[in-house]
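S.K.: First to last, the sequence lines map onto chains F and L. So for the first sequence, my numbering puts the first residue at 350; every next one is plus one. So for the second sequence, my numbering puts the first residue at 350; every next one is plus one.
Read the hints as simulated data drawn from the structure, not as lab findings. Incorrect hints may have been included.
Simulated crosslink set (DSS-like; lysine-lysine; CA at most 25 Å straight-line) [unchecked claim]:
(1) K620(L) to K557(F)
(2) K620(F) to K620(L)
(3) K475(L) to K472(F)
(4) K557(L) to K557(F)
(5) K584(F) to K519(F)
(6) K519(F) to K620(F)
(7) K557(F) to K581(F)
(8) K557(L) to K500(L)
(9) K557(F) to K584(F)
(10) K581(L) to K472(L)
(11) K580(L) to K500(L)
(12) K472(L) to K475(F)
(13) K581(F) to K593(F)
(14) K352(F) to K500(F)
(15) K584(F) to K500(F)
(16) K472(F) to K593(L)
(17) K593(L) to K581(L)
(18) K580(F) to K519(F)
(19) K472(F) to K500(F)
(20) K620(F) to K472(L)
(21) K580(F) to K557(F)
Residue-level listing of the chains:
Protein chains: 2
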Amino acid sequence: MLKVPDHQVAGHQGSHGQPGPLIDDSGRFYKPLQDDDRGAIEAAFYTSFSSNTRVPDHIRRFFPVFHGTQLIEASDGSGQRPHLVLEDVVSGRSHPSVMDVKIGSRTWYPEASEDYIQRCFEKDRKFSSLCLGFRISGLQLYGSEESELWKPERKLVQNLSADGVRVVLKKFVSSNSPIDPNLNPDFAFASSVYGGSSGILAQLLELKSWFEDQTMYHLNSCSVLMVYEKKKVLKGGSSDAEVKLIDFAHVTEGNGIIDHNFVGGLCSLIKFISEILTSPDECTTKVCLQNSDNKNEILTSSNECTTKVCL
Amino acid sequence: MLKVPDHQVAGHQGSHGQPGPLIDDSGRFYKPLQDDDRGAIEAAFYTSFSSNTRVPDHIRRFFPVFHGTQLIEASDGSGQRPHLVLEDVVSGRSHPSVMDVKIGSRTWYPEASEDYIQRCFEKDRKFSSLCLGFRISGLQLYGSEESELWKPERKLVQNLSADGVRVVLKKFVSSNSPIDPNLNPDFAFASSVYGGSSGILAQLLELKSWFEDQTMYHLNSCSVLMVYEKKKVLKGGSSDAEVKLIDFAHVTEGNGIIDHNFVGGLCSLIKFISEILTSPDECTTKVCLQNSDNKNEILTSSNECTTKVCL
């Protein structure tokens, strides 16, 4: 009954004797509880959040539904293990294009161990988090052919420059091949995926309003997952675009202070997406000064307008 | 003609052979150009900003008017030295209550030297910046008597907890003595200083909208100065509340990315001020987890409602 999910783009995948998530055919997602504090923190967050009457319904829909924890056989055959039982956010979609964006220029937090802080501090500087206020943690994009799927390695997308991110955000909503480096993304579906009253931008703005006000939780190192149904859009149907927040293994109490790190990063992502809707062809002449050794011609050559990039 | 300003609450003050700012009686403020990069960066920012046609007028008013640079005799008698000639933002006010709030959970930036980054990183964690998204860098508050002026030392205010900041923000707009530790701040002038269509909150929200959109400048380590005329308010007059941005010695180019660090911190400050207007008596039961050795009874004892503080 349980199987490995097809559409996971980031996070811990089962490998080398490490259990990964599982799904069933009733729309549930089973995430193994991590042994250290992270498992306990994520379970505590879901428990708190799901019974918190101060969370409005229109915000609750951005979080996976929580069905408690359950002992099940781990995916790596290591025996029974407690799993979080969550809503499978891509359940019922046949060709979901998915992007996982880790929000915040900082993934660490004051309460963390010194060792964890130092590791995150270095990563945030190395990847695009510090520069952009977020980093793309993973994605999968379907092309116009069902068989065409672009699922770049995480290391290729998490240290993109601003221009690299612009290209990927355009590819995400394009009708032409995401793989062919000679094609400029046509962002043909920008208005149906990002735009409109139920599009991704509107959903992100709704989240932003709540984060400017809520002082209960700080969602350190949490991701915004953006999903839509590519097959339907290609046939002229609705995009069924959806935003979900995932990964709460580093949530801390807000203690009466807004999550300003999350707000800042979310505002930055919102600005990138707004620009694709309002001025998609504007030339970018200056870019992120961040250095990276990772040259990636696929991502840069499709943006002819850019005069300088630092991928 | 030139004299040392009466109402400076933060920043480099003239001392120990270090030149400080000067003012004249025509409303100009002379800020000595720092010898290192900082002076050049601040002059470059003012030059760029003052001629930047993409800055709307309603935003320009939040920045001191720039009158170029001028060689004048330094305040410490060390001879002629170039100074930035700026608008004196408290000129014409006899009893200005002033608060300097350094915005951002992070005062460093990727382009800075490793040494500078490490120093700021430690300071941001030690002071309230990391926790709150800003820190109070200095303030002066007049009481109901003209002679009564509270001007706490910088080290007393820059590492306040969330509750300490709430108390100071209330004291800032109170009619009773800011010095007497047995008095709860009555925030009698909250609506006339923070509230209304021309109050401080409205001005901060206007700034926020611009910062969510502008990608030209990153105002690292910049301060929001909040000023109003205490004497006039005590007599039932208008508060003449004003917000100004100051200190641009660490500005960097935005390169097409919003200043997400500034946006996050500004949103946090806005939330603190909004709460004083909308739910000033709400008890705060959880507070900033930041540690500090600096016990300050004056600031904590006046907030009876608070169950735990970490000043």
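S.K.: Each hint should be assessed against the structure and marked as holding or not.
M.R.: Against the structure, the hints:
1. K620(L) to K557(F): 13 Å, holds
2. K620(F) to K620(L): Given that 25 Å is the threshold and the Cα spacing comes to 21 Å, the pair holds.
3. K475(L) to K472(F): 22 Å, holds
4. K557(L) to K557(F): 13 Å, holds
5. K584(F) to K519(F): Holds: K584(F) and K519(F) sit about 19 Å apart, inside 25 Å.
6. K519(F) to K620(F): 14 Å, holds
7. K557(F) to K581(F): Not satisfied, since the Cα-Cα distance of roughly 28 Å exceeds 25 Å.
8. K557(L) to K500(L): Outside the cut-off at roughly 28 Å; violated.
9. K557(F) to K584(F): The hint is violated at about 32 Å.
10. K581(L) to K472(L): 37 Å, violated
11. K580(L) to K500(L): The hint holds at about 17 Å.
12. K472(L) to K475(F): The given pair, whose Cα atoms are some 22 Å apart, holds under the 25 Å limit.
13. K581(F) to K593(F): Answer holds: K581(F) to K593(F) is near 20 Å, not above 25 Å.
14. K352(F) to K500(F): Answer holds: K352(F) to K500(F) is near 20 Å, not above 25 Å.
15. K584(F) to K500(F): Cα-Cα ~22 Å, so holds.
16. K472(F) to K593(L): The hint is violated at about 35 Å.
17. K593(L) to K581(L): The given pair, whose Cα atoms are some 20 Å apart, holds under the 25 Å limit.
18. K580(F) to K519(F): Roughly 17 Å between the alpha carbons, so the hint for K580(F) and K519(F) holds.
19. K472(F) to K500(F): 22 Å, holds
20. K620(F) to K472(L): Violated. K620(F) to K472(L) sits at ~30 Å, over the 25 Å cutoff.
21. K580(F) to K557(F): The hint is violated at about 29 Å.
Violated hints, in rising order: 7, 8, 9, 10, 16, 20, 21; the structure is consistent with all others.
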